[in-house]
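S.K.: Chain residues, written in single-letter form:
Number of protein chains: 2
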Amino acid sequence: MTVLANGWVKKVSVTPPSLKDNTADADRLENALKAVLNAEIADIDLTISGILPELLRKNDFNLRCILFKDHKKWCLAGITGDDDKIVAGLAVDLGTTTVVLRLLDLSTGLALAESSFINTQISIGPDILTRLHFAEKEEGLCELNRLIIEGLNRAIAELCKSCKIEPSDIYLLSVAGNTSMIHLFLGLNPRWIIREPYIPVINRPGCLNARELGINANQFAKAFVFPNTGSYFGGDLIAGILYSGLNRDEKTAILVDVGTNAEVVLGNKNWLVACAGAAGPALEGGVTKMGMMAGPGVIDRVYADPETGLFSVGTIEGLPPRGICGSGVIDLAAALFLSGMIDIRGKFVPEACKTRLKDKDGLKHFVLVPANASAEGIELSISQADIDSLIRSKAAMYTILETISSYVGISLSELSTFYVAGTFGSLINPRSAITIGMMPDLPEGTYKSIGNSSLEGAAMILKDCRLMDEIDAIRNSITYIELNVNQDFMNRFSAARFIPHTNLSLFPSVSSDGLVKSRDSDGKVKSSLCKAHES
Amino acid sequence: MTVLANGWVKKVSVTPPSLKDNTADADRLENALKAVLNAEIADIDLTISGILPELLRKNDFNLRCILFKDHKKWCLAGITGDDDKIVAGLAVDLGTTTVVLRLLDLSTGLALAESSFINTQISIGPDILTRLHFAEKEEGLCELNRLIIEGLNRAIAELCKSCKIEPSDIYLLSVAGNTSMIHLFLGLNPRWIIREPYIPVINRPGCLNARELGINANQFAKAFVFPNTGSYFGGDLIAGILYSGLNRDEKTAILVDVGTNAEVVLGNKNWLVACAGAAGPALEGGVTKMGMMAGPGVIDRVYADPETGLFSVGTIEGLPPRGICGSGVIDLAAALFLSGMIDIRGKFVPEACKTRLKDKDGLKHFVLVPANASAEGIELSISQADIDSLIRSKAAMYTILETISSYVGISLSELSTFYVAGTFGSLINPRSAITIGMMPDLPEGTYKSIGNSSLEGAAMILKDCRLMDEIDAIRNSITYIELNVNQDFMNRFSAARFIPHTNLSLFPSVSSDGLVKSRDSDGKVKSSLCKAHES
Chain A
1 MTVLANGWVK KVSVTPPSLK DNTADADRLE NALKAVLNAE IADIDLTISG
51 ILPELLRKND FNLRCILFKD HKKWCLAGIT GDDDKIVAGL AVDLGTTTVV
101 LRLLDLSTGL ALAESSFINT QISIGPDILT RLHFAEKEEG LCELNRLIIE
151 GLNRAIAELC KSCKIEPSDI YLLSVAGNTS MIHLFLGLNP RWIIREPYIP
201 VINRPGCLNA RELGINANQF AKAFVFPNTG SYFGGDLIAG ILYSGLNRDE
251 KTAILVDVGT NAEVVLGNKN WLVACAGAAG PALEGGVTKM GMMAGPGVID
301 RVYADPETGL FSVGTIEGLP PRGICGSGVI DLAAALFLSG MIDIRGKFVP
351 EACKTRLKDK DGLKHFVLVP ANASAEGIEL SISQADIDSL IRSKAAMYTI
401 LETISSYVGI SLSELSTFYV AGTFGSLINP RSAITIGMMP DLPEGTYKSI
451 GNSSLEGAAM ILKDCRLMDE IDAIRNSITY IELNVNQDFM NRFSAARFIP
501 HTNLSLFPSV SSDGLVKSRD SDGKVKSSLC KAHES
Chain B
1 MTVLANGWVK KVSVTPPSLK DNTADADRLE NALKAVLNAE IADIDLTISG
51 ILPELLRKND FNLRCILFKD HKKWCLAGIT GDDDKIVAGL AVDLGTTTVV
101 LRLLDLSTGL ALAESSFINT QISIGPDILT RLHFAEKEEG LCELNRLIIE
151 GLNRAIAELC KSCKIEPSDI YLLSVAGNTS MIHLFLGLNP RWIIREPYIP
201 VINRPGCLNA RELGINANQF AKAFVFPNTG SYFGGDLIAG ILYSGLNRDE
251 KTAILVDVGT NAEVVLGNKN WLVACAGAAG PALEGGVTKM GMMAGPGVID
301 RVYADPETGL FSVGTIEGLP PRGICGSGVI DLAAALFLSG MIDIRGKFVP
351 EACKTRLKDK DGLKHFVLVP ANASAEGIEL SISQADIDSL IRSKAAMYTI
401 LETISSYVGI SLSELSTFYV AGTFGSLINP RSAITIGMMP DLPEGTYKSI
451 GNSSLEGAAM ILKDCRLMDE IDAIRNSITY IELNVNQDFM NRFSAARFIP
501 HTNLSLFPSV SSDGLVKSRD SDGKVKSSLC KAHES
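For the record, the sequence lines run as chains A and B. Each residue of the first sequence is one higher than the one before, starting from 1 at the first, in our numbering. Each residue of the second sequence is one higher than the one before, starting from 1 at the first, in our numbering.
No lab work stands behind these hints: they were computed from the structure. Virtual Cβ for every residue (Gly too), placed ideally from N, Cα, C. Please note that the accuracy of each hint is not assured.
[Unchecked claim] Here are the simulated lysine to aspartate or glutamate pairs, EDC-like style, with alpha carbons at most 16 Å apart:
#, chain 1, residue 1, chain 2, residue 2
1, B, K73, A, E196
2, B, K73, A, D43
3, A, K72, B, D469
4, A, K73, B, D83
5, B, K73, B, D469
6, A, K73, B, D469
7, B, K72, A, E196
8, B, K20, A, D82
[Unchecked claim] To give a feel for the contact side, a few chain B residues facing chain A, derived at Cβ under 8 Å:
#, residue
9, V12
10, T15
11, S18
12, E196
13, G214
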C-alpha cells in the first residue's frame, strides 16, 4: 500500500540491532525517522516506546509511523505494522452552535465520512457568553468541558461505526474553533476572555495528547488545536484563511465569517489584518431572536414581486415552512425594502404593508406566512423589533468591514475576492446583503461562498504535512485590531443604520427608491433576485 | 528571597496585558521566560497554563518559575507566587538493592534531608535477572513497576514529613539508575535487555511528567531520568561520571562501580570508553553468596597478624559480628593469602589453617569468628566455594579493567586517578583489593572512593542548570565496548584467576611469597594493612 507523499503516514525501515550496534529501539526508530524526514524529531513518547520493541520484531523492523509537526519539530503520534489497516485522522470544526466532524484516511487523504451534532453545551446556553459566565460557577467549567468532550466522543463512536473502524484507529485530530470554545474544550478558564483587556489563557495550544483531553482516539493520538490571535479571532478563522488561500494571493481579498460572530480578515500574501465584531451588536443576536437555525422546513429564501407586492418563500428541502433562518431574514428585509414596505430606517410603512401588518403585544408584525400555509399551523411573522435588530446587526457588519479597510487604507471596492465563510454565510444571497447595506456593493462575481472553511482548513492539514508551517505563518502575520477601542467605530455604525446606508454613493447598485440596478444585468428586479438565488 | 544564579528557579516579571497588547497569558509568560533565559522554551503544559491567569493576577504578574532543560530546550516544571515557600527537588539513586533519596531546596541548592530504603522489588528477587524474568510473566512488569513506585512514594512522603513540606512542593526529580531498573521504573518491558544483542527499549528517557510515572510530587513536576549507553551501562554511571569529573580532566582516569554490577569507564575530557561486567562472572554473585549487605554488626574489615596468624575483625558500628560484607571478604582473602592460608589458586592450605579449617557438608570452611564471639551464637565461616567465587569475581573485575585499558592502548599504571564508586566500593580497602589482584597495583593515593556517585550526580543537576548539556555530552562521547564479544576476555580471565595474577610483574607491590611490599612504606605488613584501613 502506498501512502501520500506529503501525508503524515511514513513507511520506515529500522535497522535491526546487532552486537555491534546496541542502540535502544526508541533511539533506533528516532534515527530512522530523522533519515526519512531529514529533520529533527521530538522525543518519542514513553508509551509509544513501550509497545515499540514487540511491534518492531513482529514486523521485521518495518513500520508505518504516523507523524505530526508542531512548531517546526516533528513528533510521533503512533506506530503500526506495515499493513493495510486504516490509519484515520479526524478534522473537527468546534462551533458554538454546531460541531462538525470529518473522518479521513491519513494514508490516502480521502474523506471517509462526515457528521455533525448540535453543540452539547447548548443545554447550558445557546450563546457563548452564557456559557462563559456559567464557567465561573463552581464546577461550571468542568461541566462545560465534560459536555463537549462527551458529545465529541459519542459522535466519534458513531462516525467510526459507520466506517467500520474503531476510535483507536484515529491517530491525528485537527481541531478548529473560536477562542472561547477552544478554552472550554481544553478545560481552560475563560474568565479573562470576557473582561477587559480580553486576554485568553493560551494563543497556541499546539499539539496535545488526545487522551489527556479525554478524547476517545488511539492512546497515542495527537490533537492539533489551531492557534488564535486573541479572544475574538479564533483558530476557526485561521483555518478559514488557510482554506481560502487569502494568505497566498498577490491580490488583496477579504474573508468574512458570518456565523455566530462577525469575524473579518483582510489581506494578501504579504500582510493580514483581522478584527471581530463580538464587542458591538453583531448578526448573531439579531438573527437568533427572530428565527431559527437552518434546517428542513426553514425558510432560507424570500422572493417578492415588487410589481404585485406578492411574497413567496423557499424552504430547505422544500418542506412546509416552520421558521426562518438568517439568510431568509436578509432576503425578506431586502424584499421589504425593495417593495417599499420598510423605509430607509427599517421601519414598517403601513400604507405599503396593508393587511400584512398586524399588532401583537403592542409591536407591529409583518406576516410572511399565514397560519394555514405553515408547517405547524402558526402564523410566521417578523416584528419591528426583529427588523430593528437586523438593522443593528447589518450596520455592525458593514461598520466592521469599513473600519478594517480604512485601517489599512484600502477601499472595499478594490477587493479582488470577498470570501464568505460559515454555514450561515453560505446561505446568504449576496444581492440581498448588498441591498440592505450589510455587504459592500461589489460585482456579484466577487463574492465567493466557501462554506465551512474552518472544517476544510482543519481537514487540509491532515492531508499535507507542509501546511503546518503555514499555520504559524498565518498566525504570526495577522495584525489584530481591537474594535472596542476604535474611535471611528460608533460614528461609522450610526451612518450604517440606514438602508442601504446614509451615504448612498457607497451603494450605486441600490437605488434610493428601493429598486435594484444590477451591475450584471439591467433586467427586472425579480429576475435579478432569482438569478442571484440560482447562482 | 534570592535564588541560585544557575539554579532552576527563576524570578519572572510578566508584562501586564492591556488593550494594546492582547497576547494570551501563556504566551506572555513564554515571552518573559525567553527574555530571562535568552533561549527558546518548549510549549507550556496545558495544565500549567490552566492555573496561570489567576496566579499572575494574584501576584501582580510576578512569579517564581521552576524550569528544566531537556535536549537543549527549556521547559517549565512549575510556577508559584514570588514568596518564601520551599520549592524542592528530589535526587534519586535507583539501585537494584538500595534506593537513596535526597531532598534539596531548589532555590538555594542546599540539601534538606536524605533517606534510603531497600528496593521494594526485593520481594520478587534480590538480583535484577530474577526480576527481569518475572517481568515477562502476565502482569509481572506492572507488579514490579507498582512495587518501586509505591516504595518511592512512601519514602517521598516520609522524607517530606521530616522537612515539614508536602510532596506537592517537589517540582523536579532527577533519577539515576541502571538500565534495567530504569526500565522497570518507567514500566518499559526489559525483555530484549537480557537477550542477545541486549537492546534496551530506550536510551534517553529525558524529561518526563512525574505524575504520569505515578510519582507523588507536584502535579506539574518533571522527572529527569539519566540516559544510558546500553543495557549494561546505565544512567547511574553517567551520573557517576558527571560527579567524578572524569569528563572534564585532561589526564586519563578510570571510574569503577563495584556495586551490584561491575561497570567501568575510562577516559578524559576528550574521550570516554565504557564497559560493564554483567556478561562474565562479576563480584555481585560471589559476594552475595558468602555474606550480607553492609549494615550494623557486619564485618567490613579483617586484620591478620602474619607473624602470629591471629585474625581480628572490625564491624560496622562496632557491634558483635553477625555476618560479613564484600569489603570484609576481600580483606579476609588478602589476609588469608598474606598468611599463606590460601595458595595462589585461592585453595585453603590445611597446614597453615590448622584447626581453623573445618569440614561442613563435604566442603572446607575457614572459621573466622567462633560461635561464642558472634552476635547470634553462630560460627561465622567462609567456604572453599565462597573463596572460589570471589576469585572468579576478582578475576572478572581485573579482566574488565585490563580489557578496557588495552582497548584504548593505555596501561593501567598510567592512570592519574582510580575512582571507586558505589556503597560497596567505598568500603573496599584498596590495599586488600590490590593484594588479591582485583584492582591494579597503583600507588594507594591514586584510589579515590567517591561514595554514592550516582546520587551525587543526580543531585548535582538539580543545583546547576548548566550541567544538563554536559550529561548529553558525556553520553554522546562514550564508546561502549560489549565485553561478551571480546575474544581476549576469556584468555585474560584465565590469567587473572590466580592471586594476585599469573603475571606477577603486574603486581610488584605484592610479593610472590605473600608478603606486602608497600610502595608507600617499608614498614611491617601489619602496619601497612592498618594504615590502609585508617586512611
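S.K.: Take a quick look at whether K72(B) and E196(A) sit within 16 Å of each other, Cα to Cα.
M.R.: violated, 38 Å
S.K.: Taking the least C-beta to C-beta distance, is S18(B) closer than 8 Å to chain A?
M.R.: holds, 5 Å
S.K.: Between K73(B) and D43(A), does the CA-CA distance stay at or below 16 Å?
M.R.: Between K73(B) and D43(A) the Cα gap is close to 12 Å, so the pair holds against 16 Å.
S.K.: Are K73(B) and D469(B) close enough, with their CA atoms no more than 16 Å apart?
M.R.: holds, 10 Å
S.K.: Would you check the hint for K72(A) and D469(B), treating anything up to 16 Å between C-alpha atoms as holding?
M.R.: Violated, because 22 Å separates the two Cα atoms, which is more than 16 Å.
S.K.: Is the hint on T15(B) kept, meaning its closest Cβ partner in chain A is under 8 Å away?
M.R.: violated, 12 Å
S.K.: Has the given pair, K73(B) with E196(A), been kept, meaning a C-alpha gap of at most 16 Å?
M.R.: violated, 34 Å
S.K.: Given G214(B) as an interface hint, is the shortest Cβ-Cβ distance to chain A below 8 Å?
M.R.: Violated - the Cβ of G214(B) stays beyond 8 Å from chain A, reaching only about 12 Å at its closest.
S.K.: Straight-line Cα separation of K73(A) and D83(B) no greater than 16 Å?
M.R.: violated, 36 Å
S.K.: Is K73(A) within 16 Å of D469(B), Cα to Cα?
M.R.: Not satisfied, since the Cα-Cα distance of roughly 20 Å exceeds 16 Å.
S.K.: Given a cut of 8 Å on the nearest C-beta pair, is the interface hint for V12(B) held or broken against chain A?
M.R.: violated, 17 Å
S.K.: Given the hint that K20(B) pairs with D82(A), does the C-alpha gap stay at or below 16 Å?
M.R.: Cα-Cα ~52 Å, so violated.
Hints 1, 3, 4, 6, 7, 8, 9, 10, 13 from the list above are not met by this structure, while the remaining hints are.
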